[in-house]
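*Asks:* Make a model of the complete structure from these sequences and hints.
2 protein chains.
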Amino acid sequence: MSESDVVTAAILVIGDEILSGRTKDVNIGTVAEFCTDLGIELREARVVSDIEDDIVAALNALRTRYTYVFTTGGIGPTHDDITADAVAKAFGVALPINAEARDMLESRWKTTGTEVTEARLRMARIPEGGELIVNSVSAAPGFRIGNVHVMAGVPKIMQAMLESIAPTLKGGRKIHSVSIPCRVGEGTIGGPLGQLQAEFPEVKMGSYPQMGQSFVMTELVLRSADEMLLAAAADRVRAAVAEAHRAAGLPDATDAY
Amino acid sequence: MSESDVVTAAILVIGDEILSGRTKDVNIGTVAEFCTDLGIELREARVVSDIEDDIVAALNALRTRYTYVFTTGGIGPTHDDITADAVAKAFGVALPINAEARDMLESRWKTTGTEVTEARLRMARIPEGGELIVNSVSAAPGFRIGNVHVMAGVPKIMQAMLESIAPTLKGGRKIHSVSIPCRVGEGTIGGPLGQLQAEFPEVKMGSYPQMGQSFVMTELVLRSADEMLLAAAADRVRAAVAEAHRAAGLPDATDAY
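Going down the list, the protein sequences come from chains A and B.
At position 124 of the first sequence the residue is numbered 124 (my numbering), and the sequence of numbers has no breaks.
At position 189 of the second sequence the residue is numbered 189 (my numbering), and the sequence of numbers has no breaks.
Just so you know, these hints were derived from the structure itself, not from any lab.
Fair warning: this is a prediction, and the values are worked out from it, not measured in the lab.
Heads up, some of the hints might be wrong.
One copy or two, either will do: identical chains are not told apart, so a pair holds if it fits within one copy or between any two.
As the list claims (entries may be wrong) - The list that follows gives simulated cross-link-like pairs (lysine to any residue, SDA-like), each with its CA atoms no further than 25 Å apart: (1) K204 x H79; (2) K174 x E227; (3) K24 x F215; (4) K89 x A61; (5) K24 x F200; (6) K174 x D80; (7) K204 x V137; (8) K204 x D16; (9) K89 x V134; (10) K24 x V178; (11) K174 x A139; (12) K89 x P201; (13) K204 x E52; (14) K24 x S179; (15) K174 x V93; (16) K156 x G185; (17) K174 x V221; (18) K204 x T111; (19) K170 x R22; (20) K204 x G171; (21) K24 x E163.
*Replies:* Structural data, given as structure tokens:
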């Protein structure tokens, strides 16, 4: 494989709270493992604070140098969430309210009785030309524009977003994934899932609780380069979920939700 | 205090093992807390791999921009430990065996019965003009040259080195902080908090939603060098939180949770 075939990446972590030491970053490690699994070489990581010019400068340095850039943090509803602004500026595009993003948010807010406020609608602002990255956990989407993937800073949400973009990335290895909805919480399915993870080390298993729903919903995502193994593992996980559903008095069809 | 009085820093983490995900970095968080305690503003963190040109480029970008640069990793005895080489190159100086460093190592090796080898003596190579940073844990010293502090990657050793350089650093100011618990989400408190942030630019305000609780909890953190301003801002934020709690039908005492 020549250098030109090598798929490279950088991660840009955005947030004062990381540089003050108040929050300890774990996203660099997660993205590093994710890239390694996909055969993508993570070449650089940077952490910058919530200063627009610094974010723009780092973005432009990284996106011209690597195949992919992943950013985490700064896409929430508060005044210091300026990642979308910085990305729009770096690409020289506008930052309108995105209708699809607004729909995603409003439909989730309807089920949770959350009021639509100007602050919350900040989360629907997507740079022109951006494609949404689904957020199964808390609905507020990330987005991809050019080779830049903009994701949440909350680790669980960031991981769910990574799962959703995995099939769209060209890696050294083609990765397949299967998503299995589960109506019991992580505390209940965690044990069986951990045993199956130990049994299928070549299949990465993740669980993503969905926040703000009126019912418990955990999305289980399985990922592997080996389709046969993935199918075998998915059958076993579906069986474990069906059993957990039965024990909880729920219908056992995993695709009924 | 003018911007020129602000003491700034960056950390450069060096090592393939971090970017592959095999080792999870904890040094960024440790250095971040260390800087905050000393009133030094950590403005940026970077992770680069064991490629000399990349280390040199990052070092030169950071050392010209910030008061201090702290590096971690790449000062051990193996072939991929090239931090000293890169630092010497960045500063345009030679990299001889340092007599004092050699004495430190050999006296430790004498007590442990460790053979003196060429590989091990790599650890005594210090860029010309560098001053040693004592390593109380494993003897192999770090060094300071110009505004760059070169430390080990092993967290325990890195922390010991930080302690030994702390008295040599000019700290900015002592930073005070106040944490205010809030029982409504960021979407609700984000508006009022943004207004207060605009009113108190000298007080950094951050909001940190706590996931995985059975109830909504957002921690608001205010930070400033000015204790009077901090207290005034905290009173206003507490009042805004109390109002949000009342509007949500929650008890209004912010310390009741």
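*Asks:* If a hint holds in the structure, say so; if it doesn't, say that too.
*Replies:* Comparing the hints with the structure gives:
1. K204 x H79: between (36 Å within a copy, 12 Å between copies)
2. K174 x E227: Answer is within; shortest intra-copy Cα gap is 10 Å, inter-copy 55 Å.
3. K24 x F215: between (30 Å within a copy, 23 Å between copies)
4. K89 x A61: Both, since 14 Å and 22 Å are each at most 25 Å.
5. K24 x F200: between (30 Å within a copy, 23 Å between copies)
6. K174 x D80: between (37 Å within a copy, 23 Å between copies)
7. K204 x V137: within (19 Å within a copy, 29 Å between copies)
8. K204 x D16: Between copies only: 9 Å across chains, 31 Å inside a chain, cut-off 25 Å.
9. K89 x V134: For K89 and V134, only the intra-copy Cα distance (23 Å) is at most 25 Å; the inter-copy one is 45 Å.
10. K24 x V178: between (30 Å within a copy, 19 Å between copies)
11. K174 x A139: Neither, since 27 Å and 40 Å both go past 25 Å.
12. K89 x P201: between (41 Å within a copy, 24 Å between copies)
13. K204 x E52: Between. Shortest inter-copy distance 16 Å satisfies the 25 Å Cα cut-off; intra-copy 36 Å does not.
14. K24 x S179: between (28 Å within a copy, 17 Å between copies)
15. K174 x V93: neither (32 Å within a copy, 41 Å between copies)
16. K156 x G185: Result: close both inside a copy and across copies, 14 Å intra and 17 Å inter.
17. K174 x V221: within (16 Å within a copy, 43 Å between copies)
18. K204 x T111: Cα proximity of K204 and T111: none, with 31 Å in one copy and 34 Å across.
19. K170 x R22: Cα proximity of K170 and R22: across copies only (22 Å, versus 35 Å in one copy).
20. K204 x G171: Classified as within; 16 Å inside a copy, 40 Å across copies.
21. K24 x E163: Classified as both: same-chain Cα gap 22 Å, cross-chain 20 Å, threshold 25 Å.
Hint compliance for this structure: hints 11, 15, 18 are broken, all remaining hints hold.
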